[in-house]
Each structure stands twice: as C-alpha cells, then as structure tokens.
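Peer 1: The lines below spell out each chain.
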Amino acid sequence: MFRKRHLAGIAIFAAAAITLSACSSSETPAASDVDAATATSAEDFGGVDALVEAAKAEGELNVIALPDNWANYGEIKAAFEDKYGITVNSADPDISSAEEIAAADNLKGQDTAPDVFDLGTAVALASTDYFAPYQVANWAEIPDENKESTGLYVNDYTGSMSIGYNSNEVPEPESLDDLLGKDYTGAVALNGDPTQAGAAFAAIGLATVQQGGTLDDFQPGIDFFSELNDAGNFIPVNATPATIASGETKVVFDWSYNNLAQTSVVDGWKVTTLPGAAYTSFYNQAISKDAPHPAAARLWQEFVFGAEAQNMFIVGGAYPVTIAAMNEAGTTDEDAIAAIGNLDGDIVTPTTEQSEAASALLAEKWAAAIG
Amino acid sequence: MTKNAVRIGTEPNPVVRWVILGVVGVVFAFPILAMIEFTFRDGLSGAHTLDHWTGLVSEDAARTYRNLFTAIGNSLLLAVVTVAIVLVVLLPTMILVHLQFPRLKRVLEFVCIIPITVPAIVLVVGLAPVYAVVVRVFGGSIWTLAFAYGITVLPYAYRAIQSNLDAVDVVTLSEAGRTLSADWGRVLWFVLLPNLKRGVLAASFISVAVVLGEFTIASLLNRVNLQTALLQVGQSDPYVAIIFALLALLLAFLLLLSIGRLGRPRRSGSGS
Amino acid sequence: MTVANAPVLVSGVVQAEPGRHPVTEPAGTTRRGRFGGLAKYLGLAPFAVYVLIFLGVPTVLAVATGFFTEDGAFTLDNIAGLADPVVLATFASSFWVSAITAIVGSVVGALVCYALLGTRAGGTLRSLIDSASSVLAQFGGVMLAFAFIAAIGGQSLLTLWLKNTLGFDIYADGVWLYQPAGLLVVYTYFQVPLMIITFLPALEGLKSQWAEANATLGGTRFTYWTRIAFPVLAPSFFGSLLLLFANAFSSYATAAALVSQGSPIVPLQIRAALVSETVLGRENMAGALALGMVVVMVVVMWGYSVLQARTSRWQK
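Protein chains in written order, with numbering that gives the first Met the number 0: chain A, 0 to 370; chain B, 0 to 271; chain C, 0 to 315.
Mixed in with the good hints, there may be bad ones.
Keeping only pairs whose Cα atoms sit at most 27 angstroms apart, straight-line, the calculated DSSO-like set for lysine-lysine is [to be verified]: (1) B:Lys-2 to C:Lys-206; (2) A:Lys-288 to A:Lys-364; (3) A:Lys-181 to A:Lys-269; (4) A:Lys-107 to A:Lys-76; (5) C:Lys-39 to B:Lys-196; (6) A:Lys-55 to A:Lys-82; (7) B:Lys-104 to C:Lys-206; (8) C:Lys-162 to A:Lys-181; (9) A:Lys-55 to A:Lys-288; (10) B:Lys-104 to C:Lys-39; (11) A:Lys-288 to A:Lys-146; (12) B:Lys-196 to C:Lys-206; (13) A:Lys-107 to A:Lys-288.
These are calculated hints, taken from the structure and not from any lab test.
Just chain A, with the same shape it has in the complex (with noise of 0.2 angstroms):
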C-alpha cells in the first residue's frame, strides 16, 4: 500500500525532519556471514547446529495467534523456550488468520512484527507473497499432498470435527438429528461465525456431510442449522471456555482438540466424535519474509515439525501432519495416540475450490438461515 506510507510520511516529515535522519534505525546485529532472512533450508546455515547457534544470537522469536490452549501451544511454546534459551514473545492469542496477515502489515520493519503464522487453508493460499520459503530437515517425511513445493507454507497439523456437551446437563449425541429433540433446548452453540471462523465453518461442513451432502454444496448443513435454530436449540452466543465452564453453552461444534483440551479444565466435559463421515482440515505453519528474528524463525520451524512437537500436538489432542512417519520410526507417543484415538472413518477435507463455493454460499445464506 505504498499511498499510505507515502500519505502519512508526509504528514510526519514536516513535523520531525531532523529527527528521522538522526534516529533511522538500523536492523539486525547479523555478525554472521549467513543471510537468516532468504535461508531456504538449514543447510544454507551450514547445518541444524549453526541454525541454532544463529537463532540464540538473535534471542527473541515473536509469534502470533497462538493460544495456549489451542493445540497444546503452550507447551509447544515453553519446551522451545527451554530447549533454546530464546524468548517467546507471544502476542494476540485470539486473533484470526487474516488478522495475523494484517499484523504483518500494520508491523512491517518494526521488532514486534510477527516472525512465524500459523494459518488456516484459505488465508495461507491468499497471502503466499507475505512468506519466504524454507524446507525443514525432515522434509521428506512431510506427505507431498501436505505441502507447499518450495516450503511457503506447509501443514503442521489437523483436528476432526468434533461435539462437547455438558455430560450432566444432556446426554451424549449419537447422532446429528439427536440434536434436534427437547433435551437440547437452548444448547448448542458455535465456536465463531461461519462466514468468519474456521472452526465454525467447519461445524457446517461437518453437517453437510453427516446429512448425506457433499462437500461441493454447504446447503443441507446451513439447513440442518436453519432446523436447529427454529427448534429453539440454537444459541448465537460465542462459545468460549467461560460460557463452557459456567454451563451456558451445554453443546459445542469445535475441533477435537480444543474441546479435549475443556475437558481437563471443565469437570463434566465430554467429547465426542460422531460416527460416519469425519471433518477435517489442516492448519499451516509460514515464516514472515521480513521477520525480524530470521534465524529463530526457521528453527522454530525446525522444532514445531520435529518428533517432539509433533507428539505435544497430538497430547493436544491434533493429528500433526507427520504421523504417518512416525508410527513408522516408531517415535509416536504411544500413550497420547490410545488416549485420542486415530483419525478413522471417512475422512473429508475441502479443496479449496470447494471452500471457496461454500464461503460464498454461506456469506449469502447464513445470516437469513438463523436470523
């Protein structure tokens, strides 16, 4: 947006001309002879070592978007703290994907500017020119449906979706239509908008497929909803840990891993998958192009993608995206894999062409379906 820049430059020059030249700061102590920011893989370090020696110079890493609940990122984020010595600098847990693609740019050149996002699908593929590319040691072990050819963004790990319910309030829904019966007056809640939250979108997806739709048309989800409300089972609230916790929202459509994650918080939360056709779509890890911390940035990547990360994700309750290789090496968390279980029955993931049909479809038809 180079008008804004050159409208508000003005308006400050005339007010600080002296100044500006004087203080202009200069960026990155970089005493290295390795450029971090156009690094493509550890080898241009000279090795996973001088990545790491690099990325303690740097000592801070700046993330965004990550709550600590989401996932188990809060343990993700404290093991790398601990195992490296550098500082996580974790800045707006609850904000969404395009926010984050908007933090780059309100951020852009200053050191609180975010270093590594983790996006849904749709905004990874809209915002490819605000990363650069890297491919991590154990790249082979990334399924090539899983990634992005040259590393701009690559899938770190996936949930189904999933339905918690209050288990002393309602029983446990065995099926969609269970739903719409009196025992869930007042109850079932979503985790976002659907023209706006991942999560809830979903949450339609989820319907559409449990109706016996297709993934190409949204429409029998959006109806089963329009069924819901009208029975007066629909609640417009958002659905948070709170609302959970103090019993308002008895039901919640959300990924398996945030809802695992209530249930060690909220005595009385259970979760359930429902049989039949299984939702699911995978997050993405990117590195900024003008992250600050560079060199921190590609090891964090190195770390979230690692064995040990991998197996926090799955404590977390997420499927991450190098499961297949592990359980062949042997290194998956046995313990944590019993306790979630694998990601069976018929597994559905959107395209993003089909994504994009049914954000249209819902930003026509949501509103009217509950309002």
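Please build the complex by placing chains B and C on the supplied structure of chain A, with the hints as guidance.
Peer 2: Quick look at chains B and C alone, frame taken from chain A:
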C-alpha cells in the same frame, strides 16, 4: 442537607435519594456478583470450591505474574502520559476556544467526537502507518502508545470538561482576573483551574479508566498492556481469566479512589 | 471605558485579548493588531497538529481504503455496496440500539446525578460513585458479555430460579440476550456510568441562589426544575446524550461475544469484513462501512447543533 434544601429543590428528598441509589446500585452490582459466584464454581457439577483462588499463588503462576507486573507498569505509565496530554494539550485549547473562538466550539466538539465514531479496529488500519513513522522517531517503547490513547479519550475528556465549562462563567472570571492585573498564566492557574477542578478531575478519571481498559489498539499494534496481558493469563483457564478481570476492575477502582483523594477540596470552605 | 477595554497591564509581550463581548465592544478601539490575532491562533496549534497527525491522518487513511479495491485501483463499488438492503438494515439496527440505550442511559444517569445533588464533593459517597462509574464506563468486551451471561443467561442462577421457583421463563420465546435486543440491556450497563461521569460536573452550575430566588418568588420545585435548572443543564445533557449515542454506535467487542452469528449491527459487519478467515478480500468494505458510520455521526451532530441552538436561547 437541610429540610429547607429539599423544599426548594436543591437537594432531593433523602428517601428518593436512597431509593434511586439503592436500586441502581443493586442492578449494577448484580453482574459483578454473578462473575464472583462463577469463580467459586467447581466445574459443571454445581458444587463450589476455593481452588481457583488458591491456585493463584501456586508455583506455575510465577512466570505469568512476571508478565502481568510488566503489563501493569506499562498501563500505569500510559495512563500518566495520557492524562498529561489531556491536561496540557486539550484543556488549554478548550479554554482558549471557549474564551476566544466561540464559533469554533462546534468544530472542536465534532473533532472530539470523531474518535468514538470510528471503531478502533478500523482506526488501527490508519494508525499503523503513522506508528511506523513514530517508532522510527521516538523508538518502540510503550509510552508512544499514549499518543493514540490521547485521541481515544478525547470524546470523554472533552465532554467532562465542557460540562464544567458550560456551568462556570469562565468569561467573567477571566475578565475579572485580567482587570485585577493578573497575566494569563495566573488567571489560568489561580482563577480558572480551581473552578474547573470537577471537570478536570472527571476527565482524568475517565482517561485513566479508558487507558486501563483499552485492548484493541494495544493488541493490534502488538504492544503489551494490562488488558492484553490479562488475555494471555486467562488463556489456559476461564476461571483464572474471570478472577484476573475482577482484580483488574478492583485495581482500577482503588487507583481512581486514591486519585480522587488527591483532588479533595481542602476544608469544608468550598460550598455549593 | 468598559471592563473589556481596560488596558492590558503586562508590558512588552503582545497579549491575546481578554474575552471581548461583541456587543459591548466597538471595533478598533482596543489594542488588537494582526500580530495579536496571530498569537491567538498559535495557541490552537499544538492541539491542531496533534489531532491532525494522530486522528486526521489515520481516519482519512482508514476511510479512504473504502475507495480502493484490494489491488489498489480506485473504485466506487464499496460505497455502492452500502446501498445493499442488508447493510441498510444493519445501519438501522445499529441506530435504534444506540439511540435507545443512549436515551435510557442518559435518563437513568441523570437521575443518579440528581440523587447525588447536595452530597459533599469530596465526600465518601461521591468518591465511591465517581470511581465506580469511571471503571464501569470502560468495562466492556468479552468480560462484560460474560458477566451478563453469568447473570441473566439461559443457564444463570437467576433465570433458573425464575423458571423453577416462580414458573416464569424469561427465555420462553428464545434467548433474546443473544439477539440485538439483548444488547439493549448490556449496553445500558456502561452507558449509565458514562453519563454519570460526564454529566455530574454540570451540576456545578446549579447555584442554590437560583433555587432560593425561585422559592422567594413563589415558585415550586416543579417550576425550579422546568424553568431554571433544566434549561441550564440542557446543553450538557444533550451533549452527553450525543456522546452516549456515539459510544454505543461504535461498540463491537461486547456485541461480538454475545451476538456472534449474523453480524446484525454495523461494527460487527466491519469486524467481519476485516477479520474473516473464510470470506476473504472484503477488507476495503470495512473502510466504506466506517465512512457510513462517520456520515451517520455527521447527521446526528447536525441535529444536535440545531437542538443546542434552540436550547441555548435560555443561556445568556
């Protein structure tokens, strides 16, 4: 309070006074009490427990407290600088306009209400490029955020001071002072400010409250203040989040009470 | 020589003039040169520069995004999008929620200010209410939403007690708390304290001599209030009402938590345009919507100044 005052209308009937304050007080205390009750709940079972409160002093909390104390310090610093901006930039301008530029009054009022019209989430889109330059000039420290906060509190501070300005006959007072050979500095400090004390204090109160409660701008510019730190702290546990929100409210309340003590009239000499 | 004409006794420095009454002050008889006039304008400079940099530039930049597509090409499509019936309906919805909560908030707030008349300015009751009002006026967002969910939500103690003990189900027709109607209740929670904090200083203007004079001349409390006090307080009252309206109009954090589906009010539409993970490419629409909000405020301000012009008839 005398029966005479009630009769002529300068004071309400004490019964009326306490009924109004009582009803409003109960209605407003109710949501806060509901939040407090929630923090004692033990999951969804309906029982109650002290665990959430006692957990605050456990060992894990140490790391989060470090961040929280930094954040409180940041917010207090921001509050001080914002109030300084209000007192040093806004107040003299308002007095000047009131005295010298009566036709600009509407313009000033409009300017001061714009910040509240544009939601913070949109304003940040425009603030970000400005701050890119500010950071280069002033550095990236937290106090520069006060420039944006000064704008955010403009509507509230303006209204509080203007209510007072309208009530006190500033024109006559300043003329009287000038006739008695005081220069503008003395008129401002010794004549006008004591009369505007209520409004200035109210403006400071609301500014401090706004700064302590502000979340969006700090969050979108990736700075750490009290509210963003509270969000981080509350991430893992909804009970802890509510407890800290309540404690933050209490902190703000006590802070404002103590500021209010500072502005107390000296002796019962100041009447009406 | 009038008071206003009295010579300025500070030598050397050119002084801005003491307040001149246009009526009593014939032109050209005082020491007012072009230089003196300029010094006055300099006094406005710091505020003007500050507001220009931190309010003018950001607002223009933010609103200007409404005139461009995402690729940077100039377009009026976003502005045209404002005429969409859904968008117009959200503007109407926002307007009514803001207007009603502003009126209710200002009336209740004024009542509380009335109840505080005669209390000592630095006294305990006043201090407590001042501090509490300031804190609650800024209490918003997710926490406020949750406070109300805990207080009167579908599963709150109060609702369950009313349902089970008194047989009265306040949510028999659906949970209105999570519709725009619920916002009426929740917004009032921060509107009333805001009114208190901005209107209370105005009560300084009520002199007891006026009440005494009214009583001496045979008036009742009713005539005092309708003929003396209200006209004096009217400008501040309507100014505060306007502030409350603007405050409710642009609030969105609370609404986002409570009325999470369907974006029925304008700030939520803006938020959806900026924040959406699934429907991308609408960020510039947010600029157009913000422009719409500014236009609404301009219209409301115009109505307000017409009102002020009439009520200030009673001012000197």
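Peer 1: None of the hints should be skipped; say for each whether it holds.
Peer 2: Here is what the structure says about each hint:
no., hint, verdict
1, B:Lys-2 to C:Lys-206, "holds (17 angstroms)"
2, A:Lys-288 to A:Lys-364, "violated (37 angstroms)"
3, A:Lys-181 to A:Lys-269, "holds (20 angstroms)"
4, A:Lys-107 to A:Lys-76, "holds (23 angstroms)"
5, C:Lys-39 to B:Lys-196, "holds (24 angstroms)"
6, A:Lys-55 to A:Lys-82, "holds (11 angstroms)"
7, B:Lys-104 to C:Lys-206, "holds (25 angstroms)"
8, C:Lys-162 to A:Lys-181, "holds (17 angstroms)"
9, A:Lys-55 to A:Lys-288, "holds (20 angstroms)"
10, B:Lys-104 to C:Lys-39, "holds (15 angstroms)"
11, A:Lys-288 to A:Lys-146, "holds (18 angstroms)"
12, B:Lys-196 to C:Lys-206, "holds (17 angstroms)"
13, A:Lys-107 to A:Lys-288, "holds (10 angstroms)"
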